[in-house]
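Number of protein chains: 2
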Amino acid sequence: MAKYALSPLAPEAFPKLPVIKGARFATHAAGVRYKGREDVMMVALDAGTTIAGTFTRSATRSAPVLDCQAKLGSAPEGEAVILVNAGNSNAFTGKAGVASVQAITGAVAEIMEVSPNRVFTSSTGVIGEPLPHGRIIDALDALKGKLDENGIENAANAIMTTDTFPKGSVASFEINGKTVNIAGIAKGSGMIAPDMATMLVYIFTDAQIAQDDLQALVSSFTDTTFNCITVDSDTSTSDTLLMAATGASGVEVSHDTKAFREGLHSVMLDLAHQVVKDGEGAHKFVTINVTGAKTNAEAKVHAMSIANSPLVKTAIAGEDPNWGRVVMAIGKSGAAADRDLLSIRFGDILVAEKGWVSPNYREEQGAAIMKNAEITISVDLGLAHGEATVWTCDLTHTYIEINADYRS
Amino acid sequence: MAKYALSPLAPEAFPKLPVIKGARFATHAAGVRYKGREDVMMVALDAGTTIAGTFTRSATRSAPVLDCQAKLGSAPEGEAVILVNAGNSNAFTGKAGVASVQAITGAVAEIMEVSPNRVFTSSTGVIGEPLPHGRIIDALDALKGKLDENGIENAANAIMTTDTFPKGSVASFEINGKTVNIAGIAKGSGMIAPDMATMLVYIFTDAQIAQDDLQALVSSFTDTTFNCITVDSDTSTSDTLLMAATGASGVEVSHDTKAFREGLHSVMLDLAHQVVKDGEGAHKFVTINVTGAKTNAEAKVHAMSIANSPLVKTAIAGEDPNWGRVVMAIGKSGAAADRDLLSIRFGDILVAEKGWVSPNYREEQGAAIMKNAEITISVDLGLAHGEATVWTCDLTHTYIEINADYRS
Numbered sequence: 001m002a003k004y005a006l007s008p009l010a011p012e013a014f015p016k017l018p019v020i021k022g023a024r025f026a027t028h029a030a031g032v033r034y035k036g037r038e039d040v041m042m043v044a045l046d047a048g049t050t051i052a053g054t055f056t057r058s059a060t061r062s063a064p065v066l067d068c069q070a071k072l073g074s075a076p077e078g079e080a081v082i083l084v085n086a087g088n089s090n091a092f093t094g095k096a097g098v099a100s101v102q103a104i105t106g107a108v109a110e111i112m113e114v115s116p117n118r119v120f121t122s123s124t125g126v127i128g129e130p131l132p133h134g135r136i137i138d139a140l141d142a143l144k145g146k147l148d149e150n151g152i153e154n155a156a157n158a159i160m161t162t163d164t165f166p167k168g169s170v171a172s173f174e175i176n177g178k179t180v181n182i183a184g185i186a187k188g189s190g191m192i193a194p195d196m197a198t199m200l201v202y203i204f205t206d207a208q209i210a211q212d213d214l215q216a217l218v219s220s221f222t223d224t225t226f227n228c229i230t231v232d233s234d235t236s237t238s239d240t241l242l243m244a245a246t247g248a249s250g251v252e253v254s255h256d257t258k259a260f261r262e263g264l265h266s267v268m269l270d271l272a273h274q275v276v277k278d279g280e281g282a283h284k285f286v287t288i289n290v291t292g293a294k295t296n297a298e299a300k301v302h303a304m305s306i307a308n309s310p311l312v313k314t315a316i317a318g319e320d321p322n323w324g325r326v327v328m329a330i331g332k333s334g335a336a337a338d339r340d341l342l343s344i345r346f347g348d349i350l351v352a353e354k355g356w357v358s359p360n361y362r363e364e365q366g367a368a369i370m371k372n373a374e375i376t377i378s379v380d381l382g383l384a385h386g387e388a389t390v391w392t393c394d395l396t397h398t399y400i401e402i403n404a405d406y407r408s
Numbered sequence: 409m410a411k412y413a414l415s416p417l418a419p420e421a422f423p424k425l426p427v428i429k430g431a432r433f434a435t436h437a438a439g440v441r442y443k444g445r446e447d448v449m450m451v452a453l454d455a456g457t458t459i460a461g462t463f464t465r466s467a468t469r470s471a472p473v474l475d476c477q478a479k480l481g482s483a484p485e486g487e488a489v490i491l492v493n494a495g496n497s498n499a500f501t502g503k504a505g506v507a508s509v510q511a512i513t514g515a516v517a518e519i520m521e522v523s524p525n526r527v528f529t530s531s532t533g534v535i536g537e538p539l540p541h542g543r544i545i546d547a548l549d550a551l552k553g554k555l556d557e558n559g560i561e562n563a564a565n566a567i568m569t570t571d572t573f574p575k576g577s578v579a580s581f582e583i584n585g586k587t588v589n590i591a592g593i594a595k596g597s598g599m600i601a602p603d604m605a606t607m608l609v610y611i612f613t614d615a616q617i618a619q620d621d622l623q624a625l626v627s628s629f630t631d632t633t634f635n636c637i638t639v640d641s642d643t644s645t646s647d648t649l650l651m652a653a654t655g656a657s658g659v660e661v662s663h664d665t666k667a668f669r670e671g672l673h674s675v676m677l678d679l680a681h682q683v684v685k686d687g688e689g690a691h692k693f694v695t696i697n698v699t700g701a702k703t704n705a706e707a708k709v710h711a712m713s714i715a716n717s718p719l720v721k722t723a724i725a726g727e728d729p730n731w732g733r734v735v736m737a738i739g740k741s742g743a744a745a746d747r748d749l750l751s752i753r754f755g756d757i758l759v760a761e762k763g764w765v766s767p768n769y770r771e772e773q774g775a776a777i778m779k780n781a782e783i784t785i786s787v788d789l790g791l792a793h794g795e796a797t798v799w800t801c802d803l804t805h806t807y808i809e810i811n812a813d814y815r816s
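These protein sequence lines map, in sequence, to chains V and X. Under our numbering, the first residue of the first sequence carries the number 1, and numbering increases by one thereafter. Under our numbering, the first residue of the second sequence carries the number 409, and numbering increases by one thereafter.
Note that these hints are calculated values from the structure, not bench results. Hints are supplied without guarantee of correctness; some may be wrong.
Quick partial rundown of chain V residues pointing at chain X, CB under 8 Å, derived from the structure [as the list claims (entries may be wrong)]:
id, residue
1, S58
2, R61
3, A96
4, V170
5, F173
6, I175
7, L311
8, Y361
9, T396
Predicted, not measured: the structure shown is a model, and the values here were computed from it. We put the CB at the ideal spot given by N, CA and C, even for glycine.
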């Protein structure tokens, strides 16, 4: 299904995801844009399912994102449906885009016999072209007929655009002797590109949890997972994370339930990492740890400045232990730094300290670290106790190839 | 002298720069890092010359930058000297870097018989390696012996690193029947890279102007010229602009003198554009105009978000009129925008308006514009009257080649 070669950072296989009772999946080849592949997926969720979500903060966000945001937080009355298409993002499509969302959600509500307020849609693909929503509506009967609690892997495939592998993650754990499952899928490889990537994430659990508790958890964990990854510093107009808790396990949890918190965080972090590992042109997966900053927020500013620097990212692509570019990225970030206090490590190797290269550092040590597929760069600013970790990938010729291709 | 192929955006020839009375130039092959080329330049400035400057705001700025900043604004007593080396930036070199600056400025002061407070140095090149300042000091006698009022073009060549052409600009105009000249040189091609680029700019005039007036003009014009260009969003630890007014024309000017203001602004803008045109891997020179923003500052945030977006820059490299990526960059910038009010033009072609593609726009029109070597992208936000213009280049395979090369 993928147009580009499989990412060298791809996992060996799609994980075996558990059935989430109360959630059924269907996929269909609606021909929105792609030929010969499934490009629409539907999730039907049992009555009582609570739904939370987080979305792009872009000022130019898409019509489906605005529609989802307006519906979140309404009472979990009756069944709910998530409907997603690949191939067209319905973003920057003006009033026609709003009309497309209304047409689709109205048709879903009618065919699935749910309230329009319980229909959530996402679209990913080319920006600025009218969404041929008729093709999606024409597929609804077929989708309804195919709904299956085992369909989540197909759903992960149907939402791909420039992704080179489908992304899934699972956490299963016991609470009071009963098993609770969390299963998530995601797509995304550049932060955005017309005809290309947007990040979409759907997570399902059979735990029973109040909507406001679920929203609080999802918002909090988004800040330290999906909001801490960057492929190219560009932010989609369509990024969407939706989480549905069906309650079918009969296990009640809250935002304080440790096992649920840990399981959900682990699924979100795993999916976030998979998005980076499928970053357009990525050959290296890079963890940036910043400690010793004035605040956690300032640590993240530094970490993102390093993670988004084209010079740092091309150095990583070239397997060059170029710590001078890390110094540069810290200097330009705008957050506080004292040149003579900061230290830099590549992996476990102390590269620079006290404003200069470490006296024991030898270039071969750094060069050896840079040959790895997964690299950790750690910066300690020596100022206070603020810290942050972000994840990124290298910037390679393949990124240019993917994104400098003419669209048509 | 250039390691890389001449930029396709290079001017046909180095401009003929006028003699600036009171300023003499010398260059020498000191062997700081490069072999077989001149890599040090000296400017000797007559007594009474006023000097102004602007510098990188990086928190990790280099020792010579900090030294220059400390000296600016002191009284113009006696002669002054500017000394610049290429090959080593003396950045992130700890206490040894400070000692190198002191050794060089002390030696220059002694040999040239000037106050150390009137010696300004810059260094550009690899980060984090000790500056072999002895080689520079050894060259001072030779430099002193070569000083020549016609040496400015050689100086422009001696300060190049990854530059593919030397950069010069001139403005000559009459004030009260007397000719005033401004001549400037610059180097820079990436915002920074070890062993590579830093932006250095030196401008000379025979006008007579008070230091605070000169500083006010230089600071103000820097904001709308050099601070409005971006090659790769990365900011050097060494960026330096120094301006020297010898007064030798006998023409007194102030920050209000229209001809002087216009001439200086034109030289600064021309040099800034030349830096972009020599941007690492640049094949296209791109002007981004943003109007209708809430404030000028917000207009610049939007313009820089567009200019720095890897997806916008790769689209330009691919000659793809991909206005969806422009929408994305506006959306992510953090400054105010209303999707349904903004309009986008490529050249004179109205591409998008009122939140969607313009009804009369045809893709061929945009595609034709994108084939040009110089492209203007204009965005009107439709909110208020804030405006800004910035300049950038495309992001090509050559940028990756230059920057993913292993250093050694």
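How the hints compare with the structure:
At its closest, the beta carbon of V/S58 sits 3 Å from a beta carbon of chain X; the interface hint therefore holds under the 8 Å criterion. Interface restraint check for V/R61: the shortest CB-CB distance to chain X comes to about 7 Å, inside 8 Å, so the restraint holds. For V/A96, the interface hint holds, the least distance from its beta-carbon to any beta-carbon of chain X being 7 Å, beneath 8 Å. Among the interface hints, the one on V/V170 is violated; its C-beta lies about 31 Å from the nearest C-beta in chain X, farther than the 8 Å criterion.
For V/F173, the interface hint is violated, since its Cβ never comes within 8 Å of a Cβ in chain X; the closest pair sits about 36 Å apart. A hinted interface residue such as V/I175 counts as satisfied when its beta carbon comes closer than 8 Å to some beta carbon of chain X; here the least separation is about 39 Å, so the hint is violated. For V/L311, the interface hint holds, since its Cβ comes within 8 Å of a Cβ in chain X; the closest pair sits about 5 Å apart. Taking 8 Å as the C-beta cut-off, the interface hint given for V/Y361 is violated, the closest approach to chain X being about 10 Å.
Proximity of V/T396 to chain X holds as hinted, the smallest CB-CB distance being about 7 Å (cut-off 8 Å).
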